[in-house]
Amino acid sequence: MNSLLSIRNVAKKFQNREVLRGISLDVASGEFLTILGESGSGKTTLLRLIAGFEQPDSGEIWMADERLDTLPPHRRHVNTVFQSYALFPHLSVFENIAYGLRVQHVAKAEIPSRVEQALAMVKMAEFEHSAPSRLSGGQQQRVALARALVNRPQVLLLDEPLSALDANLRRQMQIELKLLQREVGITFIFVTHDQEEAMALSDRIALLRAGDLEQVASPREIYVRPATAYTAKFIGQTNLLRAQVSGGVATASGISWRIAGTSSESGAATFSLRPECIRLLGQFAPGVRMADGGPVRFRAQIKTQTFGGATDLLEVALSDESSLRVRIPSHGSLQGEAEFEFAAADAVSVRESEPN
Amino acid sequence: MYTRAYKATVAIPPLLWVTIFLLIPYAILFCYSFWQVSPLQVIVHAWTFDNYRELVRNPIYLQVLFRSMRIAGAVTILALLLGYPLAYFLSFCATRRKDLFYQLVIIPLWVSYLVRGYAWKTILGSDGVLNGFLQYLHITSHPVEFFLYSPFAVILTLTHIYTPFTFLPIFASLEHVPRNLVEASQDLGASPFRTFWRVVFPLSLPGVLAGATFAFVLTLGDFLAPLLVGGPSGIMISNIVVSLFGAAYNWPLGAAISFGMLVLVVTLLFLVERVEKKLSFS
Amino acid sequence: MRSRSVASPGSRWLSAYAALVYAFLYLPIVVLAVYSFNAGGVGGFPPRNLTLSWYRLLFQDDAIWSTLLNSFIVALVAVAISIILGLMAALALDRVNFPGKALFRRIVLLPLILPGIITGLSLLMLFVAAGMKLSLVTITLGHGTALISVATTEIFAGLQKLDRAQEEASLDLGANQLTTFWRITLPNLRVSLIAAALLIFTLSLDEIAVSFFLIGRNNTLPLEIWSRLRRGITPEINAISTVILLFSIILILVWYRLRTHGENIDENAAALPTAIQGDRA
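Chains as they are written, first to last, in our numbering: chain A, 1 to 356; chain B, 1 to 282; chain C, 1 to 281.
So that you can see chain A by itself, here it is in the shape it has in the complex:
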């Protein structure tokens, strides 16, 4: 990987609480990386360490073969889009965007054109002379974006920039951000707690949990092959099957299936099974074959059926009273007992993460 930013074993404590525990992460040049996590996971702290507003207690941060963490924030080629936008209320939109250029002593003649270019990029050209207080949230956010990008940083940090926007605007901005990043080719490091947003935008997702990196992978990879139970639950929905394994067969709640590969393991293991991987029998044409040694079948009692537009979400109860969630194409009203099946390979083995 053409690694631009390298975070090496960085740890940070706030008042005896370990917020980040020895994180190491490499960010590639030109990639859109999302740091995903719940509140308290340390994601904002990590961002602020890269920006320079905090100092790591141990570990180092490097950018393009130079040590970054020893530099004060105003000397790093990193710019931040703040969650609260942090526009200067006493300056116009134009002056806000020009600010970075002015303090870096960019040639006066060059400033207007660069500012206008940045404004055009975020489609705010007609607001050049407005006062920030007169702009809506979405508009302020674009200005904040322009203000950061105009300086052509090597890395752009975005701290939950879309969290204050309403749902529709948010979706629209997601698309625009993605296109923008492709257009300018700058490395974006995006922080959010919204996993759908992370999946929509990122080239890679770094899932942070209580100060540790749970998994770093592309959205597809992290969805289909979650490494841990936490990842499986945090991203999308899943059923966690706590099974007993012996002789290459896993058994959970009365359902047994053969696990992939020859393993001589035995004991407890956890499997993640996505609801959409479970099919209601009779739903597909009889001629279709499941790959890989036949489907795993089981019967279950339908408890609830939730309409979801294109799909329905069923909650079904197994013989031992445990329940599973099943997602099927939208169906008429269902009740009573039904037969279900899934492909054994769709039950992904996951590690249980240590509790914190």
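Hints should not be assumed to be uniformly reliable.
Claimed, not checked - Calculated pairs, DSS-like style, for lysine-lysine (alpha carbon to alpha carbon, straight line, at most 25 angstroms):
1. B:277 - C:133
2. A:13 - B:98
3. B:278 - C:101
4. B:7 - C:161
5. A:178 - A:108
6. A:303 - A:233
7. C:101 - B:7
8. B:98 - C:161
9. C:161 - B:277
10. C:101 - C:161
11. A:108 - A:123
Source of the hints: derived by calculation from the structure; they are not laboratory data.
Following the hints, put chains B and C in place on chain A, whose structure we already have.
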């Protein structure tokens, strides 16, 4: 949500009180300024502009007024020079014991004005602490007269009194500067000093204006410091008013000066409010 | 370990400067306290012959005690007047729209910034016109009037932090306006009220400018000290001053305790300028 009875109960008494004890007295003051004092020391309701004419004609009044304004200006500037860095220090640097430092600034404010003025008198006198100290160190061989009973003493004393007054509003406005703006500025490449000059300082101007207004107006109208430490060369406009209501017995003239000061202060406040509106950005 | 504060390079100079300013602010106070023990009175340096004789003199001085009592009573009544009227004024400014409201606000707050001498003089003229004799009553009325603005400012700030929904809930549950005021509004204003009371009490004890013109036969403490000063310096004054200082400090500590009971320290400082700035209040 509030009944008419509630609103009336709440609004009428203060309105009444303010009318009786503020509005009407100012009106009476205004009337007095047009009256005269007869040779027999009686107030005559003569209705004339003579008092105001006297103020303009007799150079003494303008002289003292301008001296008062100069002193007020000096005190304001000094109080700002002392108060602003202190406020900045508390707001941005003293993060851990901010409360304590803040209280330390407030405590002198609550110690009696008279007491503090008297203290300066003892410090600055030819027999006083400062002179004693300088002589002890052999920096001077005999007492420096100039320290006390001079405009210098008045300025020094009043600066001491009014520095906390400039500190308070400046501190409040600095506290209100969102720290993420400071971070944003540094993020964009501005050094801490430039961040101060381009972001923090402009946003603190309303507080500076409020503090300066306080210091200027209150110094202008002060009569105690001049009496304590000013001597004949440190007389200010309010001292003249005091004597006109005392030994010099010319209430109408005193009223004229007072009303003039009232108008001056109100005008100043009005102007400051205008400037303030322009400066505020939210 | 490797933490850097937001403003480092100049902050050592800044700290030194701040220390100097503090020294300047405390110099007279420290001198006063030290010299109150000085046998030789106020002169000379360094102080020698430490003695308590001035304090002894002070405690035997009847005139001082009677004027102190006067000041106390005046202050208590002034607090009552200012708080009651200030509370009403703050409520009116917060909740009632009436013609001339802007003017009213400005006039109520005017004594805060107007030199005391003007307020004192105009009240003197009022009392003369009304044929009232100057006495402690007139002084009390003067203090009360001048200090309403302090109460209004403090209480108004407290009102801003009040959650209006609480009052609505009270009404919704069946309480009338008066009950709501007594059971909900007032308790929420407790801190502001006490803070204002303490502040007004202290200001009244020290009040000179307004009192100067309204004084009758009986003196208040500051005016008594003042008249003695006019007659010549006595170091007994140092002793009185130090006692007043101690008293002020105790009051402040009490005030401070109440203040930080869930408030930000900048609320108090903010109340003054926002009041001056009018509409924003």
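Okay, the hints, checked on the actual structure:
1. B:277 - C:133: With Cα atoms ~45 angstroms apart, residue 277 of chain B and residue 133 of chain C exceed 25 angstroms; violated.
2. A:13 - B:98: Holds, at roughly 23 angstroms.
3. B:278 - C:101: At roughly 23 angstroms apart (the allowed maximum being 25 angstroms), residue 101 of chain C and residue 278 of chain B satisfy the hint.
4. B:7 - C:161: 20 angstroms, holds
5. A:178 - A:108: 31 angstroms, violated
6. A:303 - A:233: 21 angstroms, holds
7. C:101 - B:7: Distance ~13 angstroms between residue 101 of chain C and residue 7 of chain B Cα, so the pair holds.
8. B:98 - C:161: 22 angstroms, holds
9. C:161 - B:277: 24 angstroms, holds
10. C:101 - C:161: 22 angstroms, holds
11. A:108 - A:123: Satisfied, since the Cα-Cα distance of roughly 23 angstroms is no more than 25 angstroms.
Hints 1 and 5 from the earlier list are contradicted by this structure; the remaining hints agree with it.
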